[in-house]
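As given, the protein sequences belong to chains A and B, one line each in that order.
In terms of the numbering used here, the first sequence opens at residue 1 and continues consecutively.
In terms of the numbering used here, the second sequence opens at residue 262 and continues consecutively.
Treat the hints as calculated values from the structure; they're not laboratory data.
Check the hints yourself; a few may be wrong.
Stated by the list, open to error - Covered by chain A, per the in silico footprint, the following chain B stretches (three or more residues, Cβ under 8 Å):
#1 362 to 368
#2 372 to 384
#3 545 to 552
Even for Gly, the Cβ is constructed at its ideal location relative to N, Cα and C.
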Amino acid sequence: MLVAEQLSCGRNGRAVLEGVSLQLLPGEVLGVLGANGAGKSTLLATLAGEIAPLAGQLHLAAKPLLHIAAETLARSRTVLPQSPSLSFDLGVREIVAAGAYPFPELSPRELETLLARTLALADATAFTARRYLALSGGEQQRVQFARVLTQALAGKVVGEYRVLMLDEPTANLDPRHQLLLLRTVSALAKSEGLAVLVVLHDVNLAAQWCDRLLLLADGGVAALGSPDEVLIPPVLQAVYGVAATVLPHPASAARRLVLFG
Amino acid sequence: MSSPTTPALTIASSPLQLPRGLIVLLALLAVLILLVLVSSASGAVRIPFAELPRLLFGTPTSDEELLWRNVLLEVRLPRVALAVVAGAGLTLTGAAIQALFRNPLAEPGLIGISSGGALGAVAAIVLGAPAMIWLAPAAFLGSVVATSLCYHIGKRQQGVGGLLLTGVAINVVCGSLIGLFTYLADDNQLRSLTFWNMGSLAGATWSSLAFLAPWTLGLCLLLLRQWRALNALLLGEREAQHLGFAMKPVRRKLVLLVALIVGPLVAATGVIGFVGLVVPHLVRLTLGADHRWLLPNAMVAGAIALTLADWLARVAVIPAELPIGIVTSLIGGPFFLWLLARRAF
Numbered sequence: 001m002l003v004a005e006q007l008s009c010g011r012n013g014r015a016v017l018e019g020v021s022l023q024l025l026p027g028e029v030l031g032v033l034g035a036n037g038a039g040k041s042t043l044l045a046t047l048a049g050e051i052a053p054l055a056g057q058l059h060l061a062a063k064p065l066l067h068i069a070a071e072t073l074a075r076s077r078t079v080l081p082q083s084p085s086l087s088f089d090l091g092v093r094e095i096v097a098a099g100a101y102p103f104p105e106l107s108p109r110e111l112e113t114l115l116a117r118t119l120a121l122a123d124a125t126a127f128t129a130r131r132y133l134a135l136s137g138g139e140q141q142r143v144q145f146a147r148v149l150t151q152a153l154a155g156k157v158v159g160e161y162r163v164l165m166l167d168e169p170t171a172n173l174d175p176r177h178q179l180l181l182l183r184t185v186s187a188l189a190k191s192e193g194l195a196v197l198v199v200l201h202d203v204n205l206a207a208q209w210c211d212r213l214l215l216l217a218d219g220g221v222a223a224l225g226s227p228d229e230v231l232i233p234p235v236l237q238a239v240y241g242v243a244a245t246v247l248p249h250p251a252s253a254a255r256r257l258v259l260f261g
Numbered sequence: 262m263s264s265p266t267t268p269a270l271t272i273a274s275s276p277l278q279l280p281r282g283l284i285v286l287l288a289l290l291a292v293l294i295l296l297v298l299v300s301s302a303s304g305a306v307r308i309p310f311a312e313l314p315r316l317l318f319g320t321p322t323s324d325e326e327l328l329w330r331n332v333l334l335e336v337r338l339p340r341v342a343l344a345v346v347a348g349a350g351l352t353l354t355g356a357a358i359q360a361l362f363r364n365p366l367a368e369p370g371l372i373g374i375s376s377g378g379a380l381g382a383v384a385a386i387v388l389g390a391p392a393m394i395w396l397a398p399a400a401f402l403g404s405v406v407a408t409s410l411c412y413h414i415g416k417r418q419q420g421v422g423g424l425l426l427t428g429v430a431i432n433v434v435c436g437s438l439i440g441l442f443t444y445l446a447d448d449n450q451l452r453s454l455t456f457w458n459m460g461s462l463a464g465a466t467w468s469s470l471a472f473l474a475p476w477t478l479g480l481c482l483l484l485l486r487q488w489r490a491l492n493a494l495l496l497g498e499r500e501a502q503h504l505g506f507a508m509k510p511v512r513r514k515l516v517l518l519v520a521l522i523v524g525p526l527v528a529a530t531g532v533i534g535f536v537g538l539v540v541p542h543l544v545r546l547t548l549g550a551d552h553r554w555l556l557p558n559a560m561v562a563g564a565i566a567l568t569l570a571d572w573l574a575r576v577a578v579i580p581a582e583l584p585i586g587i588v589t590s591l592i593g594g595p596f597f598l599w600l601l602a603r604r605a606f
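With the rest of the complex left out, here is chain B:
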């Protein structure tokens, strides 16, 4: 602490030097684009990689090319796009929830969004919804109700602990109701239940993406802008308040944004675990916890992770495919254990 009149020193980084977070972000974007191309070319119908540009932008000249083009445009690309959108949304909200709860083990599932959505879908199946089309709104409704309930009861308690405990309680309630519905289900319903509980990207269509993609990405942009508040939260709730972030409105805004992003995603893909938990953690280990760079990098890394998982799910047991939730848990679970064993939180 020299005297207050010490002349200003200049800190190392020159304005021309790109921040590390930006370099990593650009690299991740390049990886994502490459992966999207590779993934859309592979599966039960193999499409030669070199043909992709011509199939996308040209007119087909043979029956084989027509088939490839149809597979690419109607099956692969919507599915890969859903993987990108869902991966980005689940991971970004995971990173935000971890900062809000100041706990690296937190994820949207923790405050009841995922289990609420699952309960909604399971209830719709077992109570005899006439068509699969009822699953999505039921799941969306379930997540929003569970999250609002969690938020309104949780905010009666001081601090973040109340919200967390309420989330645990709501998860228990949803879990037991799902168990009850599973017990009541007949064989046909059980098959749909399993399929839905494990998560799937197979239902992707351009018409559902036309709503889901702009909705998710738009809300993600709003969430990205909260990086200062999330950084301040890492210092503590009092400190965030001292830095001008009134805690109640900030918490309300964050919980609402997360529910609005995750609810429709759960409705579209079922329960896909671990992406929102492991990926933000991994990015934080690499880049540090500064949310200015953590959030956008986590978003792209999440898109990569889910696209990769979906690709593996489709190529591992051709011509069948694995449920994507199984793949993310199979990779994510052991990976998470390895992280835990390797260094303390």
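This is chain A alone, in the form it adopts within the complex:
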């Protein structure tokens, strides 16, 4: 399990966030919300092992994260960064297959089965044979999603801990694919026991699909808890700096609907 205690994160020695303590539990989707510049991506990069924490403890399976070799870490931690790019034109299939690079032990047959599954999960099967750079932004995003699903599911045995980190995965997607992506993430967390951390901008999407929410403000944690507990006007005002109204959702009374302004 990935566990952070009293974590300070930042780049070049300047802390953006302080005192973050959290656990990424298997089977749970943790949403990260915050205004622009609140430190969401910095937190994700720190938890992913890309940048060293400035202070505090960060452990994966009781080992300090920074002591785990890159190729070992890649077998249990998967990241979808914001706005991924590509320098030369690769085929869609090769990009999705790159997700299996940390698992050279997979047979070609196992790889084919896995790719067919993850391409279908990301609704990218239709452009398997196309070139990546010929796709639209939203289609590229779905291909990248298929790639990280490949890495998160490759050779996974039941009960094995895997963590999937997504940085604004819905940014380029139309509403239907935003819903499909988060539904897939949520369903995989339950069925495969994946631990998921997802940075989102849309509070209502987060309320619908995340089990717990982490709200960042003023260089620290503003709230951490279930959507019902944390999506309340004073917290939202502190996080986003605008007045917020919280209503029961017209489609499902158990859910919150947040309106700003």
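Using the hints provided, position chain B relative to the given structure of chain A.
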């Protein structure tokens, strides 16, 4: 995104169907073998094509056949073999450097290997090296020093930009020192300088190939095995790191392999430009950027390109010959311009 329990579909390609990259690779190998035969038969001394097998494997029965056999074995074949080895090495390293820098305009020259080697050789000539035999180690030393310098200064900067800028700076330093040496050189030395600067395969001997060929091809095999890391690099340095390729060791390994391949080649042939730049680009246009197939195909295509250039250099102005670097630049330069004009990078 259907539900996670969607049954697995099978993707089109059946296991029996050969990958396109493999088919192209086999075709290129066939072309290379044919070209090697044609090239060894032609030149100032024309050898009948049909006689090749008998000359290679039989015993000569006349004075003419003895001459042909000597030309073939002692002059042509080592030279063609050097063209194959140098073409393969320069192009493979070009493809790898382009992926490492994620820039289609990159080539080994960019990080100082070629100009370092040139500086080493030019310095040896002008400072009065007693014999041509000193050129090779001097060039090798120059490339290795320039590349290590480039790497050690470049790695202090974040990302690949630092390495690239350092390479540019080192090229400027080497270029100006070469200019200074050229200015100081006397007439005799100037002739050697020109000859060396333009590149040449004329110095090929079996004894130099006995080291160069296994060295280059062995290191090329090691570089071919890095195809996953190079593919991951195309996705970005962060993404490569996420996929388990720790960037610092991967960069160090790639730069070292490239320097170890190109250094001795520059020492043996002088500066042969454009092969490492244009050929990988052309293969990428044809086959796509998947390094699993791009790398071996670029290697064979590079061997073809340099063998072809060497053949042209020898048959264009019989009985004289053109410096091969001039031929590769004459063909490569306009061709590159045409590529640039035809489609945006």
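Structure-based check of each hint:
no., hint, in the structure
1, 362 to 368, "holds (count 3)"
2, 372 to 384, "violated (count 0)"
3, 545 to 552, "holds (count 4)"
When held up to the earlier numbered hints, the structure conflicts with hint 2 and nothing else.
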